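Protein chains: 2
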Amino acid sequence: MQELIERIVAEGEHIGRGIIKLDGFINHQIDPALVLKMGREFARCFAALGVSGVTRVITAEVSGIGPALATANALNVPLVYARKHRPITMPDGFYLATAPSPTKGHIVELMVSPQYLAADDRVLLIDDFLASGLTIDALARLIEQSGATLCGVGCVVEKVFEPGRQRLEPLGVPIVSLAKIDLDDEGQMHVY
Amino acid sequence: MQELIERIVAEGEHIGRGIIKLDGFINHQIDPALVLKMGREFARCFAALGVSGVTRVITAEVSGIGPALATANALNVPLVYARKHRPITMPDGFYLATAPSPTKGHIVELMVSPQYLAADDRVLLIDDFLASGLTIDALARLIEQSGATLCGVGCVVEKVFEPGRQRLEPLGVPIVSLAKIDLDDEGQMHVY
Numbered sequence: 013m014q015e016l017i018e019r020i021v022a023e024g025e026h027i028g029r030g031i032i033k034l035d036g037f038i039n040h041q042i043d044p045a046l047v048l049k050m051g052r053e054f055a056r057c058f059a060a061l062g063v064s065g066v067t068r069v070i071t072a073e074v075s076g077i078g079p080a081l082a083t084a085n086a087l088n089v090p091l092v093y094a095r096k097h098r099p100i101t102m103p104d105g106f107y108l109a110t111a112p113s114p115t116k117g118h119i120v121e122l123m124v125s126p127q128y129l130a131a132d133d134r135v136l137l138i139d140d141f142l143a144s145g146l147t148i149d150a151l152a153r154l155i156e157q158s159g160a161t162l163c164g165v166g167c168v169v170e171k172v173f174e175p176g177r178q179r180l181e182p183l184g185v186p187i188v189s190l191a192k193i194d195l196d197d198e199g200q201m202h203v204y
Numbered sequence: 013m014q015e016l017i018e019r020i021v022a023e024g025e026h027i028g029r030g031i032i033k034l035d036g037f038i039n040h041q042i043d044p045a046l047v048l049k050m051g052r053e054f055a056r057c058f059a060a061l062g063v064s065g066v067t068r069v070i071t072a073e074v075s076g077i078g079p080a081l082a083t084a085n086a087l088n089v090p091l092v093y094a095r096k097h098r099p100i101t102m103p104d105g106f107y108l109a110t111a112p113s114p115t116k117g118h119i120v121e122l123m124v125s126p127q128y129l130a131a132d133d134r135v136l137l138i139d140d141f142l143a144s145g146l147t148i149d150a151l152a153r154l155i156e157q158s159g160a161t162l163c164g165v166g167c168v169v170e171k172v173f174e175p176g177r178q179r180l181e182p183l184g185v186p187i188v189s190l191a192k193i194d195l196d197d198e199g200q201m202h203v204y
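Here the protein sequences line up with chains A and B, keeping their order. Counting in my numbering, the first sequence runs from 13 upward without gaps. Counting in my numbering, the second sequence runs from 13 upward without gaps.
Worth flagging that the hints you see were computed from the coordinates, not collected in a lab. It is possible that part of the hints are untrue.
What the hints assert, rightly or not - Partial selection, computed: residues in chain A whose CB lies under 8 Å from chain B:
| hint | residue |
| --- | --- |
| 1 | 26 |
| 2 | 27 |
| 3 | 31 |
| 4 | 40 |
| 5 | 42 |
| 6 | 43 |
| 7 | 81 |
| 8 | 84 |
| 9 | 85 |
| 10 | 90 |
| 11 | 91 |
| 12 | 92 |
| 13 | 95 |
| 14 | 100 |
| 15 | 101 |
Computed from a predicted structure; not experimentally measured. Glycine is no exception: its CB is placed at the ideal position from the N, C-alpha and C atoms.
Chain A on its own, in the form it takes in the complex:
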């Protein structure tokens, strides 16, 4: 997605140890027009890959919400965001998966109420970054618990220097990223 690539080149920053800062338009400040375009682009890419009949989009709070909401809007289906802290409104019997957070250094719990994910759902999983793939893999296991069908994985930015794509390939679904970032030996970003 050319506009996204140009924005990453202009504003993205490798702050060390593979951490890419995109706080100006995805992770702290959000550019609404850009994020809505991401949603339309995900919808277009998955349709071109033959993915159809999606009934729900799923992401994990927090930074996946923008692009996932935009994708859900483009597909005219609800968005469900997995909670990391159980709200008092969540009933017992929720689906739960855990993933280590490489940037936060602890285990993250991901919870979805069975009220909003059912065995007849066809689900697109959307997140901001594909890096280790551990969060997305945890969400995929959570979808599996519910009996729903995972139809595809979309991420705004793929760090190709991390093993996320390889980790997710056994899921056997299309993996779409709107921009890819590689790092050279000097730590310079290459965006494409």
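Based on these hints, arrange chain B on the given structure of chain A.
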């Protein structure tokens, strides 16, 4: 906002102690079409109240992000969401305010990078619920730290049986809610 009121009447639930569950379309699952309409309605209401020249919308993660993103989109300005856990990408010198969380029972920190909030900003503050008003008041103090001008407060649902509106009145800005919920002595919801 009639569509929102009807949705709360149909799906909202008072689960006790003043806690209103709206997980089906705001707080866990989001209806994208409804949330985009909320954004347009906030833009229309604030314009009708004479609020102009808004440069940024601010909310707190997590559940404010949907309606705040929709409002930012309607106004064609960026959305900034205050972080509750400091990401490693956030530089020193961030704005910080704290609020007790009545539903979580601990102190919540709210952080915004000075990169995305400046003294010449004119800010709309959008959140999902206006209840105690403590979170919104903390965000208002954070905006004050930055020197930016708070132009208005918008909340999707106002619990009129809690003192939020009274707490925020000293801010001296318009307070807009798209739906109001009251509880009678039997704990039945009245939505208007």
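Now the hints, each set against the structure:
1. 26: Nearest chain B Cβ about 11 Å off; hint violated.
2. 27: holds, 6 Å
3. 31: Holds, about 6 Å.
4. 40: For residue 40(A), the interface hint holds, since the closest Cβ of chain B sits about 6 Å away, which is under 8 Å.
5. 42: holds, 5 Å
6. 43: holds, 6 Å
7. 81: holds, 6 Å
8. 84: holds, 5 Å
9. 85: holds, 4 Å
10. 90: holds, 5 Å
11. 91: Status holds, d = 5 Å.
12. 92: Interface hint status for residue 92(A): holds (5 Å vs cutoff 8 Å).
13. 95: holds, 7 Å
14. 100: Holds: closest Cβ of chain B sits about 6 Å from residue 100(A), inside 8 Å.
15. 101: This interface hint holds because 4 Å falls under the 8 Å limit.
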